[in-house]
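J.: Using the sequences and the hints given, assemble the complete structure.
2 protein chains.
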Amino acid sequence: MNGAQAVIRTLVGGGVDICFANPGTSEMHFVAALDDVPEMRAVLTLFEGVATGAADGYARMTGRPAATLLHLGPGLGNGVANLHNARRAAVPLVNVVGDHALAHKRLDAPLESDIDAIAGAVSGWVRRSLATSAVGEDVAEAVATASGAPGQVATLVLPADVSWSEGAEVAAVPGRRPAALVPPAVLDEVAGVLGGSTVLFLAGEAVTEEGLLAAAQVAAGTGARLLATTFPTRMARGAGVPDVLKLPYAPQAAMKELAGVEHLVLVGAKEPVAFFAYPDLPGRLAPEDCAVHVLSRPGEDGVAALRALAERVAPEATPVLSEPHRPELPTGALTPASMADVVGALLPERAIVVDEALTSGIHLSAATAGAPPHDWLTLTGGAIGQGLPAATGAAVACPDRPVVSLQADGSAMYTIQALWTQARERLDVTTVICDNGAYAILAGELQNVGARSGGERAGQLLDLGSPGLDFVALATGLGVPATRATTAEELAEQFAAALVEPGPHLIDAVLRTGS
Amino acid sequence: MNGAQAVIRTLVGGGVDICFANPGTSEMHFVAALDDVPEMRAVLTLFEGVATGAADGYARMTGRPAATLLHLGPGLGNGVANLHNARRAAVPLVNVVGDHALAHKRLDAPLESDIDAIAGAVSGWVRRSLATSAVGEDVAEAVATASGAPGQVATLVLPADVSWSEGAEVAAVPGRRPAALVPPAVLDEVAGVLGGSTVLFLAGEAVTEEGLLAAAQVAAGTGARLLATTFPTRMARGAGVPDVLKLPYAPQAAMKELAGVEHLVLVGAKEPVAFFAYPDLPGRLAPEDCAVHVLSRPGEDGVAALRALAERVAPEATPVLSEPHRPELPTGALTPASMADVVGALLPERAIVVDEALTSGIHLSAATAGAPPHDWLTLTGGAIGQGLPAATGAAVACPDRPVVSLQADGSAMYTIQALWTQARERLDVTTVICDNGAYAILAGELQNVGARSGGERAGQLLDLGSPGLDFVALATGLGVPATRATTAEELAEQFAAALVEPGPHLIDAVLRTGS
Numbered sequence: 001m002n003g004a005q006a007v008i009r010t011l012v013g014g015g016v017d018i019c020f021a022n023p024g025t026s027e028m029h030f031v032a033a034l035d036d037v038p039e040m041r042a043v044l045t046l047f048e049g050v051a052t053g054a055a056d057g058y059a060r061m062t063g064r065p066a067a068t069l070l071h072l073g074p075g076l077g078n079g080v081a082n083l084h085n086a087r088r089a090a091v092p093l094v095n096v097v098g099d100h101a102l103a104h105k106r107l108d109a110p111l112e113s114d115i116d117a118i119a120g121a122v123s124g125w126v127r128r129s130l131a132t133s134a135v136g137e138d139v140a141e142a143v144a145t146a147s148g149a150p151g152q153v154a155t156l157v158l159p160a161d162v163s164w165s166e167g168a169e170v171a172a173v174p175g176r177r178p179a180a181l182v183p184p185a186v187l188d189e190v191a192g193v194l195g196g197s198t199v200l201f202l203a204g205e206a207v208t209e210e211g212l213l214a215a216a217q218v219a220a221g222t223g224a225r226l227l228a229t230t231f232p233t234r235m236a237r238g239a240g241v242p243d244v245l246k247l248p249y250a251p252q253a254a255m256k257e258l259a260g261v262e263h264l265v266l267v268g269a270k271e272p273v274a275f276f277a278y279p280d281l282p283g284r285l286a287p288e289d290c291a292v293h294v295l296s297r298p299g300e301d302g303v304a305a306l307r308a309l310a311e312r313v314a315p316e317a318t319p320v321l322s323e324p325h326r327p328e329l330p331t332g333a334l335t336p337a338s339m340a341d342v343v344g345a346l347l348p349e350r351a352i353v354v355d356e357a358l359t360s361g362i363h364l365s366a367a368t369a370g371a372p373p374h375d376w377l378t379l380t381g382g383a384i385g386q387g388l389p390a391a392t393g394a395a396v397a398c399p400d401r402p403v404v405s406l407q408a409d410g411s412a413m414y415t416i417q418a419l420w421t422q423a424r425e426r427l428d429v430t431t432v433i434c435d436n437g438a439y440a441i442l443a444g445e446l447q448n449v450g451a452r453s454g455g456e457r458a459g460q461l462l463d464l465g466s467p468g469l470d471f472v473a474l475a476t477g478l479g480v481p482a483t484r485a486t487t488a489e490e491l492a493e494q495f496a497a498a499l500v501e502p503g504p505h506l507i508d509a510v511l512r513t514g515s
Numbered sequence: 001m002n003g004a005q006a007v008i009r010t011l012v013g014g015g016v017d018i019c020f021a022n023p024g025t026s027e028m029h030f031v032a033a034l035d036d037v038p039e040m041r042a043v044l045t046l047f048e049g050v051a052t053g054a055a056d057g058y059a060r061m062t063g064r065p066a067a068t069l070l071h072l073g074p075g076l077g078n079g080v081a082n083l084h085n086a087r088r089a090a091v092p093l094v095n096v097v098g099d100h101a102l103a104h105k106r107l108d109a110p111l112e113s114d115i116d117a118i119a120g121a122v123s124g125w126v127r128r129s130l131a132t133s134a135v136g137e138d139v140a141e142a143v144a145t146a147s148g149a150p151g152q153v154a155t156l157v158l159p160a161d162v163s164w165s166e167g168a169e170v171a172a173v174p175g176r177r178p179a180a181l182v183p184p185a186v187l188d189e190v191a192g193v194l195g196g197s198t199v200l201f202l203a204g205e206a207v208t209e210e211g212l213l214a215a216a217q218v219a220a221g222t223g224a225r226l227l228a229t230t231f232p233t234r235m236a237r238g239a240g241v242p243d244v245l246k247l248p249y250a251p252q253a254a255m256k257e258l259a260g261v262e263h264l265v266l267v268g269a270k271e272p273v274a275f276f277a278y279p280d281l282p283g284r285l286a287p288e289d290c291a292v293h294v295l296s297r298p299g300e301d302g303v304a305a306l307r308a309l310a311e312r313v314a315p316e317a318t319p320v321l322s323e324p325h326r327p328e329l330p331t332g333a334l335t336p337a338s339m340a341d342v343v344g345a346l347l348p349e350r351a352i353v354v355d356e357a358l359t360s361g362i363h364l365s366a367a368t369a370g371a372p373p374h375d376w377l378t379l380t381g382g383a384i385g386q387g388l389p390a391a392t393g394a395a396v397a398c399p400d401r402p403v404v405s406l407q408a409d410g411s412a413m414y415t416i417q418a419l420w421t422q423a424r425e426r427l428d429v430t431t432v433i434c435d436n437g438a439y440a441i442l443a444g445e446l447q448n449v450g451a452r453s454g455g456e457r458a459g460q461l462l463d464l465g466s467p468g469l470d471f472v473a474l475a476t477g478l479g480v481p482a483t484r485a486t487t488a489e490e491l492a493e494q495f496a497a498a499l500v501e502p503g504p505h506l507i508d509a510v511l512r513t514g515s
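In the order they appear, the protein sequences are chains A and B. Read left to right, the first sequence gives residues 1 to 515 (our numbering). Read left to right, the second sequence gives residues 1 to 515 (our numbering).
FYI, nobody ran anything at the bench for these hints, they're computed from the structure. Source: prediction; values computed, not measured. Errors might be hidden in some of the hints.
If chains are identical, the list can't say which one is meant, so a pair holds when it fits in one copy or spans any two.
[Unchecked claim] Here are the simulated BS3-like cross-link-like pairs (lysine-lysine), alpha carbons at most 27 Å apart as the crow flies:
1. Lys246 - Lys270
2. Lys105 - Lys246
3. Lys270 - Lys256
4. Lys270 - Lys105
5. Lys246 - Lys256
6. Lys105 - Lys256
T.: Laid out in structure tokens, this is it:
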């Protein structure tokens, strides 16, 4: 067995049977070995950021890593932005980065670069596999490490000759170690501070349905308030699920939400901080005199901790759940508000919503709170261009669930190539482009940072209207059927049609903003 | 003056008056300062790989650095592949990478990452600017370092508060130090080995018109042969210029070209090595018993050395120059050969050819050798996705020259967003997509590396035909007028029309391969 065959068989044996790939010459033995291991499904992408973002979306929906197959340092570089997002989302992910054969490294061939340095910036674990005889063990450790609690990005650098040489062996991936339990003393501490001026700040497992139910029981019994992190990895929402507000993105709004809080209890979350620094605002968003407590760290069993807490402080309490309710189908102008109402009115059962709508998405949470239960995936790491790839990966992970990809226009253009993979794999993804013809979020930020605004040359750098992007043409060029909606009625009609037809669709929702 | 203003003014003072930009929140003060310094032209890109590739193309044509403006680690990551190419091309380039304010760094906000590690992998010089009072000096050093001989990538990490704080000063950029001269003893050594079994292997300045003329004079007088590096940064070609063969990409062909060579003289070039390792081939391409001599290293004055050598060994010799000649306009099937003949027949005066045609481009050199003088830019670093951005930057650099961008289809999809910037800036770029519906180069590599080929699942990973990419639709969506050619006559007609119309055009050349 050659190294590449052992890599793929070890991956498959460890439950990693999807590989989002953009291979080059140094990965050709991996590609050839796909014919020997039919259990591995390779999904081709046109750009590495699609592969890494898809692996992120896949992991969010399955809890298991997908592999990526990337070509040397530049290929890994192209995947960095979405690996950053995956790292911040604490999802399991295994990168296989091909490299030159060992003897070729010293020749400083044109594609030689410091792969390990780039990998280190986005990975929790990096290893360069140096011997075919050990490559199976290396892969097994990559999978096990990626799959730990919390999940992380593991990057295996795989020299070409380690792939092509014979003498490799498949290694067994050890079973996943369960998450650590929160010690009783911590439960004691938190139980002692629950009350009307306390907020439970939820992320990770704490915003699954189980986590939210337990947290809502605590809230119902103690008067504590619930808030979720601004950009959760995967949040359960909809009718029958507690409706928990996500902390607003804008620091002023977030600080208002946290004003008066005396005890902030972190459950799988980090202390809330502003996304960016602003000249006259603090970076920490909780009040200065607020006491911060940690119920569970990322990777600890936050759901069990919440359940234990509920059992202890609110055994009889009934969590408040979202009632089933949907907005009326709107008519007239297509605005962020009416777009949200269309989504809320029509969101199908068990939908996976991938939300990179940014400024155009501010009404989405309210409009969908009573829709049928669904999962909500967000831009955890803040590096735009994750939405279309993550929707792709989520659809690969859950072929029986509809994926709704709500995508800002400027951000869509970083990884628009994802649409081609959606077409190629016939994935059931409905993309709605929130088309406002601008980097709208930056117009706000230009003011927020205190920069003098209004200058014409500065404004040009935030404008996407010259020339306008034609997303219908772009989707068509990538093999995805597409339509354009300029009224709420058109969006409703096209959204409903896309949801019942199989395969991917894109709707260019031309938004009237400022209204 | 705030830090951002000093950054831009120092850049402009140092001759860096183009900035290829994809900014985010941490760059908003830089953006705002554009209104204060009208001498700086900011060119917006939709994706950072376009910005870095454009800066590479700009530098190849001007010899001066452009700046890029990138957003934090993920933005730099998106630029890595083309920064790798720029590094390998030894062009001057200054990255300005915004980062969080200093006090915000310790909060580990979502977009926090190890920018410096990523920057180090693609830069010859990295500095984090830590004080507004010194930021002008930091920028001046970045420009000076980038502009040295050889050129290099200099990356300045610019924290937001260093940008927004007052108290900055403009610094003067020192003049460019001339390239070092080759010592007489080296000339003695090389002069002693010139003859029929000697090859002068040329790269960098040695493949400018001046360099080629001097090298051809040496060749004419001594019987030495000339070969150019496989992927030169910028090579002078056409009628009146010596026609020098580029070493073939395929290692077998390259070794054949070098067979029997007893003395290999490197002029601005590194010793030729295979792009990739293959199981049964050596990495070094010159014969084992070939003596390698270095006339000039990258960054030394290779042109002066070649002239001195010519003066010494061949003062009376006349260099052989390409005669003006063009292929006939072809008819019938559109193939790599007929495509090359169309380009050769119609290439305009003073064209800049950006060649990322890869396998489809094998006939281009022969077909254009007698065309009017032109410059030829290639994929020096081997990271595909450089062509469209480099064409964009070359057109910004030389608004009075036509740019012809010959682009493989699969490679085009890494940075297709470049077309939008071409439309926005109304750049005179004619793009020909070499559309063969496959990663054709990899089909060859799959065999070259000795992998069993023919497997269906492996073959699928090299196929771009399912669904087919519609480059006319993609270009239209990005604002570039586009047509499709399926015969040689259609390509000729469309190519001629595109060359006379101002602004960018794209032709999807649907190639019949294997004929």
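J.: Going back to the hint list, which numbers does this structure go against?
T.: none
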